[in-house]
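There are 4 protein chains.
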Amino acid sequence: MEKETARIEAFSDGVFAIAITLLILEIKIPGAGSGDLTRQLLKQWPSYVAFIISFAFIGIMWINHHRLFTHIKRSDNALLFLNLLLLLGVCAVPFPTAVLAQHFGLSDQRPAAILYHGTYFVIAVFFNVLWTYASRHLLGKDADSSAAHKISAQYALGPILYLFCIALTWVNVPMSLLLNIALAVFFALPPHRAVRTANR
Amino acid sequence: MEKETARIEAFSDGVFAIAITLLILEIKIPGAGSGDLTRQLLKQWPSYVAFIISFAFIGIMWINHHRLFTHIKRSDNALLFLNLLLLLGVCAVPFPTAVLAQHFGLSDQRPAAILYHGTYFVIAVFFNVLWTYASRHLLGKDADSSAAHKISAQYALGPILYLFCIALTWVNVPMSLLLNIALAVFFALPPHRAVRTANR
Amino acid sequence: MEKETARIEAFSDGVFAIAITLLILEIKIPGAGSGDLTRQLLKQWPSYVAFIISFAFIGIMWINHHRLFTHIKRSDNALLFLNLLLLLGVCAVPFPTAVLAQHFGLSDQRPAAILYHGTYFVIAVFFNVLWTYASRHLLGKDADSSAAHKISAQYALGPILYLFCIALTWVNVPMSLLLNIALAVFFALPPHRAVRTANR
Amino acid sequence: MEKETARIEAFSDGVFAIAITLLILEIKIPGAGSGDLTRQLLKQWPSYVAFIISFAFIGIMWINHHRLFTHIKRSDNALLFLNLLLLLGVCAVPFPTAVLAQHFGLSDQRPAAILYHGTYFVIAVFFNVLWTYASRHLLGKDADSSAAHKISAQYALGPILYLFCIALTWVNVPMSLLLNIALAVFFALPPHRAVRTANR
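Residue numbers (the numbering used here), protein chains in the order written: chain A, 123 to 322; chain G, 123 to 322; chain E, 123 to 322; chain S, 123 to 322.
Just so you know, the hints here were simulated from the structure itself, not pulled from any lab data. Wrong hints could be hidden among the right ones.
Stated by the list, open to error - What the simulated footprint calls covered on chain S by chain A, stretch by stretch (three residues with Cβ under 8 angstroms from a Cβ of chain A suffice, anywhere in the stretch; the number is not a length): (1) 128 to 135; (2) 216 to 226; (3) 230 to 239; (4) 253 to 264; (5) 282 to 289.
What the hints assert, rightly or not - Computed list of lysine-lysine pairs in DSSO-like fashion (alpha-carbon distance at most 27 angstroms, straight line): (6) K263(A) with K150(A); (7) K165(S) with K195(E); (8) K150(E) with K165(S); (9) K150(G) with K195(E).
Note that CB positions come from ideal geometry on N, CA and C, so glycine has one too.
Could you build all of it, start to finish, from the sequences and the hints given here?
As structure tokens, this is what we get:
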């Protein structure tokens with residue numbers, strides 16, 4: 123059933139590619155005659171930061187999806203659904219990104235940041251559910267169980283860490299976003315290095 | 123002519139992936155300074171519900187499309203057109219979704235729901251036409267005719283059930299939408315289980 | 123160099139799939155509280171017609187692109203550019219579609235229709251240029267030259283017929299659009315049948 | 123690890139295809155009743171020019187990406203990231219394009235042009251970084267080192283030439299854009315010809 127996985131991967135790649143490219147549409151184009159262009163462009167810096175963080179996040183999710191499917195050899199109906207659930211989270215990312223970009227630095231930045239971290243928390247949960255199911259039922263017979271365990275260990279930290287980001291918004295919103303970026307780097311690390319980093 | 127089918131599948135996957143990802147663009151971003159953000163975000167809940175239902179619907183259509191093309195082995199001009207017709211329906215989904223999201227709970231929710239169910243009715247008809255044609259002309263020689271019949275039996279119920287959703291809007295609009303969700307689950311079931319469920 | 127063509131086809135398929143799916147974004151969502159929804163939805167009928175014509179046009183261009191690349195066996199730099207030129211036309215389609223949808227039936231419908239037919243004229247020219255080049259330099263050694271000639275004969279009519287559509291706008295705009303639809307059907311026909319139809 | 127590269131290429135192709143197709147969404151649709159349509163359409167000419175330049179630029183970047191990956195035979199984590207960095211630049215292109223289209227010919231055209239050339243400068247730097255890394259670590263054992271050197275020589279000019287475009291905006295903005303177009307043609311040339319052209 124190799125072919126089955128191939129089409130899931132192709133469809134998922136399409137969704138990742140589109141979601142990552144749509145992010146740019148959320149950045150507003152300053153209109154002509156609405157004041158000094160340079161100043162207007164600079165004033166929008168939270169939009170650029172949000173664009174880059176979300177781009178990095180979706181890109182790194184794609185890399186992780188990729189890693190999982192080098193281990194997943196078979197496919198079944200449950201995998202199709204769990205993968206769709208994950209893609210639901212991926213597709214939603216442009217919305218909290220735009221909300222955060224519009225409200226960062228303003229009075230309502232906390233709920234915007236909670237929505238943002240919350241989306242990532244949900245996606246992290248979906249990643250865990252997908253991998254837990256797949257690693258039990260759909261690996262090849264010659265699967266590298268040590269590598270699979272390292273992935274599980276790295277992913278298990280995801281939901282906890284994003285919950286911590288949410289908690290941090292009550293202390294300091296920009297700090298919670300810096301942690302979010304650090305987490306993207308952490309999940310970008312190959313599992314064996316990430317586990318080592320987390321164990322330090 | 124395996125290759126012919128491969129390119130139809132790839133093109134269709136692309137359209138499904140884009141249509142499912144565009145859904146998020148229909149959710150409005152609350153602007154800064156237009157009142158309490160949390161309240162504004164919560165007030166938009168019909169948009170989130172519509173997003174999730176439509177996402178599930180398109181995702182499940184993709185799974186079904188996938189299932190059909192594991193049976194369809196050959197391709198011809200008629201298949202190209204019937205498939206385009208189906209994709210026309212898929213591409214249209216973001217529009218009724220956005221209309222429903224904007225009008226749900228308001229005085230005009232009935233025509234919005236009729237447009238929504240009506241789009242699904244048309245897509246269900248197109249699915250039947252495509253499968254009826256393909257199952258007669260384009261299956262492999264060693265086709266599993268029992269599996270094909272189960273798909274036909276499951277799909278034949280589609281247009282009737284979506285018509286019933288439309289009728290239900292005169293009784294109760296939210297109930298008609300709950301039925302719509304239940305139908306998505308029904309069509310997500312593999313045909314052999316779905317037929318069993320329908321025969322109970 | 124089979125692989126070279128494979129990546130051109132995949133990239134082109136992506137562009138076709140996206141352009142066809144973006145068309146729906148040009149249809150306006152009637153806002154809540156701006157009057158009777160049913161009437162507003164019906165009033166927008168030119169948008170739906172324009173959506174369907176453009177969908178059919180892009181879909182049929184995809185089928186034709188597909189046909190050409192079953193004959194084209196090799197790739198070179200010129201093919202890459204001529205193909206990009208064709209995709210430039212395909213990508214532009216949502217713009218004249220939206221302009222036509224907004225102005226059909228109003229005082230400015232003629233320039234809108236000219237822009238619409240004009241875009242198709244340019245695309246038809248690009249199709250001819252691509253095919254003329256490819257049919258001379260990039261077919262397989264065992265190419266079916268009779269089939270290639272039939273494609274050339276069918277395509278050569280394209281620019282002339284779309285110019286005729288433009289001319290027709292001075293007589294009657296709706297009639298020019300009906301001819302445009304008829305042309306889509308004509309180009310949807312396999313070349314051998316299309317040539318027969320044209321010779322009648 | 124051929125397969126690894128295949129999925130990077132497929133994902134990148136998806137991003138290129140989407141970014142190039144989204145450009146059209148930045149062109150405004152003149153509304154009905156806002157004056158003579160023909161005049162309004164003509165007045166928007168900077169949007170069309172910007173659309174075509176950006177289309178050419180992304181198309182030519184795709185061709186170049188293609189060329190690089192005919193040489194790159196292996197994949198590793200660094201390549202995944204450097205490729206994501208490059209795609210970040212590609213995805214951003216619709217934004218400076220729209221800004222330039224809105225401000226070209228007006229008092230704020232200089233900062234708009236600087237943003238535009240600046241984006242291309244950054245992309246050119248990312249292309250150099252990707253290729254420098256890949257050409258040292260990921261070529262096949264039988265790699266054509268002379269071809270690789272020619273690519274390096276051509277790409278090394280990119281950042282310098284786009285910096286020169288930025289400098290030119292203080293002299294003459296339209297001239298800087300003409301140079302930008304000329305550069306697109308230069309990078310479209312196959313490396314061996316481009317190097318010859320540059321050495322003249």
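Each hint tested on the structure:
| no. | hint | result |
| --- | --- | --- |
| 1 | 128 to 135 | holds (count 3) |
| 2 | 216 to 226 | holds (count 6) |
| 3 | 230 to 239 | holds (count 4) |
| 4 | 253 to 264 | violated (count 0) |
| 5 | 282 to 289 | violated (count 0) |
| 6 | K263(A) with K150(A) | violated (51 angstroms) |
| 7 | K165(S) with K195(E) | violated (43 angstroms) |
| 8 | K150(E) with K165(S) | holds (24 angstroms) |
| 9 | K150(G) with K195(E) | violated (47 angstroms) |
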